Every structure is written in C-alpha cells, then in structure tokens.
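Asks: Okay, here's what each chain looks like letter by letter:
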Amino acid sequence: MTPILSFKDVEITYGSKPVARDITFDLHEGEILGLVGESGSGKSTIIKSAMGLLNSSGYVSKGEICYRDTNLLALKESKMRAIRGSKIGMIFQDPGAALCPIRTIGDQMLESLKAHSKINKSEAKEKALELFDNLNFRDPEKVWKSYPFELSGGMNQRVSVALTMIMKPEILLSDEATSALDNISRNQVIMELIKLYDMGTSVIFVTHDIDIVESICDNVLVLKDGIIREYGNAKEVINNPQNDYTKHLIHCTRSLRGKQLWHMAAK
Amino acid sequence: MKFVIKRLLQLIPILFAITFLSFAMMRIAGSDVVEQKMLNTGQVVSEAQLNAAKAQLGLDKPFLVQYGIWLTKLLHGDMGESYVSGKNVFDTFIEKLPATLFLTVVSIFLTVIISIPLGVVAAINQNKFLDYFIRFFSFLGNSMPNFFVSLLLMYVLGIKLKLFPIISKDASLSTVAMPAITLAIAMSAKYLRQVRATVLDELSKDYIIGAKARGVRFSATLWFSVMRASLVTIITLLALSIGSLLGGTAIVESIFMWDGVGKLAVDAINMRDYPIIQAYVMWMAIIYISVNLVTDLSYRLLDPRIRLEER
Numbered sequence: 006m007t008p009i010l011s012f013k014d015v016e017i018t019y020g021s022k023p024v025a026r027d028i029t030f031d032l033h034e035g036e037i038l039g040l041v042g043e044s045g046s047g048k049s050t051i052i053k054s055a056m057g058l059l060n061s062s063g064y065v066s067k068g069e070i071c072y073r074d075t076n077l078l079a080l081k082e083s084k085m086r087a088i089r090g091s092k093i094g095m096i097f098q099d100p101g102a103a104l105c106p107i108r109t110i111g112d113q114m115l116e117s118l119k120a121h122s123k124i125n126k127s128e129a130k131e132k133a134l135e136l137f138d139n140l141n142f143r144d145p146e147k148v149w150k151s152y153p154f155e156l157s158g159g160m161n162q163r164v165s166v167a168l169t170m171i172m173k174p175e176i177l178l179s180d181e182a183t184s185a186l187d188n189i190s191r192n193q194v195i196m197e198l199i200k201l202y203d204m205g206t207s208v209i210f211v212t213h214d215i216d217i218v219e220s221i222c223d224n225v226l227v228l229k230d231g232i233i234r235e236y237g238n239a240k241e242v243i244n245n246p247q248n249d250y251t252k253h254l255i256h257c258t259r260s261l262r263g264k265q266l267w268h269m270a271a272k
Numbered sequence: 032m033k034f035v036i037k038r039l040l041q042l043i044p045i046l047f048a049i050t051f052l053s054f055a056m057m058r059i060a061g062s063d064v065v066e067q068k069m070l071n072t073g074q075v076v077s078e079a080q081l082n083a084a085k086a087q088l089g090l091d092k093p094f095l096v097q098y099g100i101w102l103t104k105l106l107h108g109d110m111g112e113s114y115v116s117g118k119n120v121f122d123t124f125i126e127k128l129p130a131t132l133f134l135t136v137v138s139i140f141l142t143v144i145i146s147i148p149l150g151v152v153a154a155i156n157q158n159k160f161l162d163y164f165i166r167f168f169s170f171l172g173n174s175m176p177n178f179f180v181s182l183l184l185m186y187v188l189g190i191k192l193k194l195f196p197i198i199s200k201d202a203s204l205s206t207v208a209m210p211a212i213t214l215a216i217a218m219s220a221k222y223l224r225q226v227r228a229t230v231l232d233e234l235s236k237d238y239i240i241g242a243k244a245r246g247v248r249f250s251a252t253l254w255f256s257v258m259r260a261s262l263v264t265i266i267t268l269l270a271l272s273i274g275s276l277l278g279g280t281a282i283v284e285s286i287f288m289w290d291g292v293g294k295l296a297v298d299a300i301n302m303r304d305y306p307i308i309q310a311y312v313m314w315m316a317i318i319y320i321s322v323n324l325v326t327d328l329s330y331r332l333l334d335p336r337i338r339l340e341e342r
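Line by line, the protein sequences give chains A and B.
So the first sequence is numbered by my numbering: it starts at 6 and just counts up by one.
So the second sequence is numbered by my numbering: it starts at 32 and just counts up by one.
Because the hints were derived from the structure by calculation, they are not lab data.
On a predicted model such as this, the values are computed, not experimentally measured, just so you know.
We put the CB at the ideal spot given by N, CA and C, even for glycine.
It cannot be assumed that every hint is accurate.
Straight-line Cα separation of at most 30 Å, DSSO-like style, residue types lysine-lysine; simulated pairs [what the hints assert, rightly or not]:
1. A:Lys-81 with B:Lys-159
2. B:Lys-236 with A:Lys-81
3. B:Lys-159 with A:Lys-67
Just so you have them, the derived chain B footprint on chain A, three or more residues with Cβ under 8 Å [unchecked claim]:
4. 102 to 108
5. 164 to 176
6. 190 to 202
This is chain A alone, in the form it adopts within the complex:
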C-alpha cells in the first residue's frame, strides 16, 4: 500500500544551518502518527515543511516530501494551495492565532470553503452549523457570528478543528494543538480530532505528551536535535524504548506522573 504522506531523506535548513536531517517516515491511510520530542527538536518544522509553511529563511534542502505520488516540493504554489486545507489540514498550537481577529468565524469559514469549491454563503453556513452541532457546540448560530476574541481559548481551538474538519482533509497535521489548553478543552479537542480520524483522516500528532501518544497513536517518531532517534509502533516504543533519549523522555514523564500519584496518595 502506498503511503498517503512520505518523507524521504528530508533535510530542512534555516539560513545556512540544517535544523532537521535524514527525516524518513511514512504515514499510511487510517494511521495516527505521533511526533514527540522536546521543544526545539524540529517537530513543528517537519510538519510545516510538508505544508510549505516554513518561514522565509527556512527551506527543504534535501529529499522529497510526497503526498501519495506527488512530490509536494516540486509543486507550483497554485497547485500546492489547492492541496492545503482540502487534502492536508493543519491545526496550530496557539488557539485563535490561526484566525483573523477582525473577521467573524463564519466569514473565515466561508472564505476557506470558497478557496476550494464553489459554494455560496447559505450552503456554507448550513454545512458549518451542522458540523458545529455534530461537535456539540453550544449555540452554533452564535459561534458562526462570533469574532475569535469573543470566544475562549479552548473554544477557539475547537473552532479551528471544525474549520479544518469542514474541508474533510485526508491528512491532518496537528501542531501541539492541545498543549495550550486546560484539561477539559484538551479532552474535547482530542475527542474532536478522533472524530476527524473516524471520518477517514490520517493524522500526524505533534506533541510532547507521551500519554496522548500511548493512548491514541499507532506509531511514534521520537526526535531530538532534528534527528530521528526512534521510530516504530507506539506501544512498543513506549513500553520498550531502545534509544537512550527515548528512555530519558519516557522516564521524565513517568517519574513526574509517579510523583503526582505519590502526592495524591499522601493527601
């Protein structure tokens, strides 16, 4: 089976300094792949490179990034634009930052849908309200009319997920989408991402939360300093890490959780 997204020997350079090297992995249909590593390990850079969203000094200096059989790096901007959003969607860390502050959610939803298909406002609205309803948003009509600053951080992130979902992408890149949220919002967003996955979307989940990886990811890729340290089945890697760095990362999370449990028991 051909992978839906594959990185082949990818090297990403900022200015003249390579920040990620020898990145090779595949994402198959129906797979959730976790990308873990500490801050600055190159996780976000890697998924941004697949979307052509690196900032102006960053570029892919080696290798290929393929969406099915198409090398994304060789695509013209207009072709790449058609893929963004409709084939590969992305959710960012900062809730609400992905939305223009002075335009309503509805307006931006309509704009995104219009970028990929001929659709009028009432059709778009109907579609959006149905999705909002499906995601258990309170008062969908109000959300449609709201400005991002009128919603909470968690709600903004849920709207971002909805905005990505409505275009039914085949691949979702989630860039630490839950790390800025409180626990309730975090769980809601994860449930929504799982809904998207149930609709047939493959997911790359960038996170530093080992627990999420263990509970929802099929495979995991551990990164440090822009180099893959370990890549394989999520449960196997977490339960039986081979690489020293992976061991350290898992140990850190586990010992913290152990301390939390100990504190709770002591109380």
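Assemble the complex: chain A is given as a structure, and chain B must be docked to it using the hints.
Replies: Chain B in isolation, oriented as in the chain A frame:
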C-alpha cells in the same frame, strides 16, 4: 449616537478656550490692523489719527472687554466684519472654503491612490528590488520641501510642457493639478512608508499562516484581512492630513495663488485682521473635532474589538 452627541458637546468648551487663547496671543504679538495699514504705507500719521482709527474698531478698549464684545456678537450669529476689507467675515470665509475643500479632496485622493498600492506592493516584496525601488522614491519625496516641488512642477509641467497654468485664476481640474500634485508627493512619500510598515506588521501575524494552511488565496487574505486591519492605521494618518489640509496649506496656496482659507489666514495674520483670524481658529477646531469623530466612527466599523468593547 450618544457617543456622537458627547463629542459634539465637547466642542463647546474647546471653542471657548481656543478663541480666547488666539485672541490673547494676537494681542501679545503686538501691533494691530490700524498700525499695519497706516504705518506700513510710509505716510506720516499723527498719534491722534491712529487713536481715532483704533477707537473706531474698538481696539482701544481693554482686552477682556474686546473679547466680551466679540463673543456676544458671535453668540448672536454675527462674526463681524474684516478690519481690512470691511466685508462680512462669515461670507468671506464661505467664499474661500470651496477652493480649499477642492484642493483637499483632490490631493487626498491622489495620495490614497499613490501611497496605498505602492506601500502594499513594497510590503509584499519586502527587501526585494521592487521594495528598494519604491522606497528610494519615497525617500526622495520625503526629502524635497513643498516649495521646491512646487517650483519644479511649475518649471516642468507649466513652463516646459505647458500642461497646466502657473497661476490659478479659478478652481478647476487643470489649475488644481499642480498644487494637488505638490501636496500629494509629500504626503504619499510619507504614507507609503507607513502603509508598508503597517502591512508588514500585519503580514507577520499568525493568522496569515493559518489562512494559508487552509488554502486561502494570498490575495484574499491580503484584501479581506490584512488591508482591513491596516486601514485603521492608514485612516488615522489620513485624518490628520485631511485636518491640516482643510486648514489650508499656507505655502502651497500662496505659491500657486490658490485662493483658499490658508492664504486667507496668512494674509489676516500679517494684517492683524482679528475677526478673520478668530473665524479661522474656530474653523480649525471644528475640523479637528469632526475629523477625529469620523475617524473614531470608522474604527468602530473596521475593528469589531473597538465596537464590541463599548457594549
């Protein structure tokens, strides 16, 4: 609506303060219309003649009494007569306004159509050739004073190419061209940089990446998000210019013999023609208050954060 009424009410104390201040400052400046008229002719005038002329205009009375008289007349709708021409001040002013309004509208229009597109183009081509090219001209425009540009235009467009008349007899499209271009060059050069900076600032925000990640065309993001957000800054800047233009541009109006309120004010100040000066000062206060009002209202329209905060 409440907001508008509040703002208009604020105008009242401002007008009192500003007319009083200008009244006082003109007295401090020394000399008066009688001295300006009689002594500057070079004729020998007796002290008695001077005093008689002053008494006729009420200039011999104490300062506060003079202000009181002026204010009482004003509150009865009479702005008085010009000391120089003897004509009604209000009528004189109204007569000069259309020329200034015309010049303001044309030069602001030119500024907008020059500076906004060039500023945006420079921003989206940041640090590329086009950006440097546009910024070079902005630098050039910024460094040339108004009177120099006026003379340059007169020489090239008026004398060499004979496109426009050098001295304007009336306010028409051909006569407004050169003064308007002069003003527009200076303003565009300044605004272009501001527009560029504002747009660049907006382009660096995260939502630009967000929209791109959803496959939204850059042109759509540029027009509907970036431009709209940038307009708040641009309108603020334009409002300040509109204010000063409506007050007349003394230098440009004088050079091109453009018969507007700026020239009227300069002449009135030279002659110590108090009633005209007072009218001018009031006009400026009204302009600034109303331009600010319109600007604030437009913010509300453009930026929902300002609009909704007030609820």
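Asks: Next step is simple, just say for each hint if it's right about the structure.
Replies: Cross-check of the supplied hints:
no., hint, result
1, A:Lys-81 with B:Lys-159, "holds, 21 Å"
2, B:Lys-236 with A:Lys-81, "holds, 24 Å"
3, B:Lys-159 with A:Lys-67, "holds, 26 Å"
4, 102 to 108, "holds (count 7)"
5, 164 to 176, "holds (count 4)"
6, 190 to 202, "violated (count 0)"
Going through the hint list in order, the structure does not satisfy hint 6, though it satisfies all others.
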